[in-house]
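**Q** As a plain string of letters, each chain reads:
2 protein chains.
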Amino acid sequence: MTPHPFEAAIALSAQSDDVWQGHTSEAYGNMVGPFGGVTAAQALNAVLQDPRRLGQPIAFTMNFAAGLAHGPFVVQAWPARTNRSTQHWIIEMRQGDDTVATATAVTATRRETWSVNEVAMPEVPPPQEVPAPARVGRVEWIHRYEMRFIEGALPSKWEGAQLDNSRTRLWVRDNPPRPLDFASLTALSDVFFPRVWRRRATMTPIGTVSITVYFHAGEAQLQRTGAGYLLGQAQAQAFQNGYFDQTAQLWNETGELLVTTHQLVYYKE
Amino acid sequence: MTPHPFEAAIALSAQSDDVWQGHTSEAYGNMVGPFGGVTAAQALNAVLQDPRRLGQPIAFTMNFAAGLAHGPFVVQAWPARTNRSTQHWIIEMRQGDDTVATATAVTATRRETWSVNEVAMPEVPPPQEVPAPARVGRVEWIHRYEMRFIEGALPSKWEGAQLDNSRTRLWVRDNPPRPLDFASLTALSDVFFPRVWRRRATMTPIGTVSITVYFHAGEAQLQRTGAGYLLGQAQAQAFQNGYFDQTAQLWNETGELLVTTHQLVYYKE
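Chains as they are written, first to last, in the numbering used here: chain A, 57 to 325; chain B, 57 to 325.
Be aware that one or more of the hints could be misleading.
[Claimed, not checked] Derived coverage of chain B by chain A (criterion: at least 3 residues anywhere in the stretch with Cβ under 8 Å from a Cβ of chain A; other residues may be distant):
| hint | segment |
| --- | --- |
| 1 | 110-120 |
| 2 | 127-140 |
| 3 | 238-245 |
For the record, the hints were derived by calculation from the structure and aren't laboratory data. Everything numeric in this text was worked out from a predicted model, so none of it was measured. Think of the CB as a built atom: it goes at the ideal place given N, C-alpha and C, for glycine as much as any other residue.
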């Protein structure tokens, strides 16, 4: 059986205790280099694969220092501190002698406590009632996701716009469907197209500078979610002199908030 | 003239190119150890003071790996990658041989572009019409900030509650007032008491695990803001099995969105 393209994309081979080798994925290619969500998943995967790992990821921040060239890379990941129930990781990704990304991760063993979603899933039609877009994307990676836009799809005309908000809501899952895990949830956190395109319908060059993912979901919630759809919602808070932020949520179909995530994105004009 | 207590708190002395020595501040003491906002400001200050620094901070993430003991610490900060207009920093804070915090920062030279606040400042009474709390805090650091709560103050009775949201709005500035800079803006990003206390009025032990600050403000906006008040707003999105998130915004009095910030916080029960 051919492995799922995501499996192949995030595969790493151990070089030493701290160092892993991987390769960018053509299947997740972007306009220039690879889709950043998969690059982030590759970096986190070095932690996920590490036998020294304590618990599950709860917080992950990735800073994109340079566009990756298609080809091999190494990930160096080491636990800077291990406590009784939490562990703190520093991660660097390199191509040749150049650092292309820096990251940190926190993993933890979790136990049951009082819990509540404060931000309820918005009321939206179920995925089966939202048409899948027929549009053929200009970049390869978007074919790896089934995106059913409820609100705020990619503009159909790039003629400028004066929208008063940048919000997008969509049902999304891996294509073909694949049981959710922490690596794929990381990639899905970056699935939203840039808010500046939505807000302005102007095709300005962009690039994610930093993304942070908070994992509210533990293993049990991932298993309950399986290969089902996630409801994604993303919106900017500020666009200011070359950088905007994007804040986003991912719920599973039963309304459990699995992830809250934020990113800072460069835009040219 | 005595320096402002914040000045004294974040002071670092250079040990080598990458290494700085500092000391926790009793003036910003918390229940156990120091106020995390000042610890974050100390770590960022190693970047701010570094002659190699390119531009201004745009993104900063700090992971608290252990409670700091009152006493000296070292900050090691190095530029892992320097591009034409951005620079990527890795930062570790240590006490003795132990890593107590890990962090990353991105700095950048900014230029003027199309800009807009998507999240407008909420309509609230001006700071002069909001009473300053007379309450004497149980921890030292809160005396270093003038906090005028508009909504969602610290519960006056710890008898449990069934609130449906955790939102706080307040006017806040350094006490005594001090012209805003990137270090103080970092500390102010952590000024909100834990959302779980607000939501439940139950005094469960908490601790910030990770905080991310996106600086929308550049130097010009900091100068325009001066020693004025900031409107702070904070709210949780999810409380789940020992960790909750908190998303927050800081505007200046004229409604410019200076910072959006997020954190993940441990809570015991």
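**Q** Now tell me, hint by hint, if it's right for this structure.
**A** Now for the hints, and whether the structure bears them out:
{"no.": "1", "hint": "110-120", "verdict": "holds (count 4)"}
{"no.": "2", "hint": "127-140", "verdict": "holds (count 3)"}
{"no.": "3", "hint": "238-245", "verdict": "violated (count 0)"}
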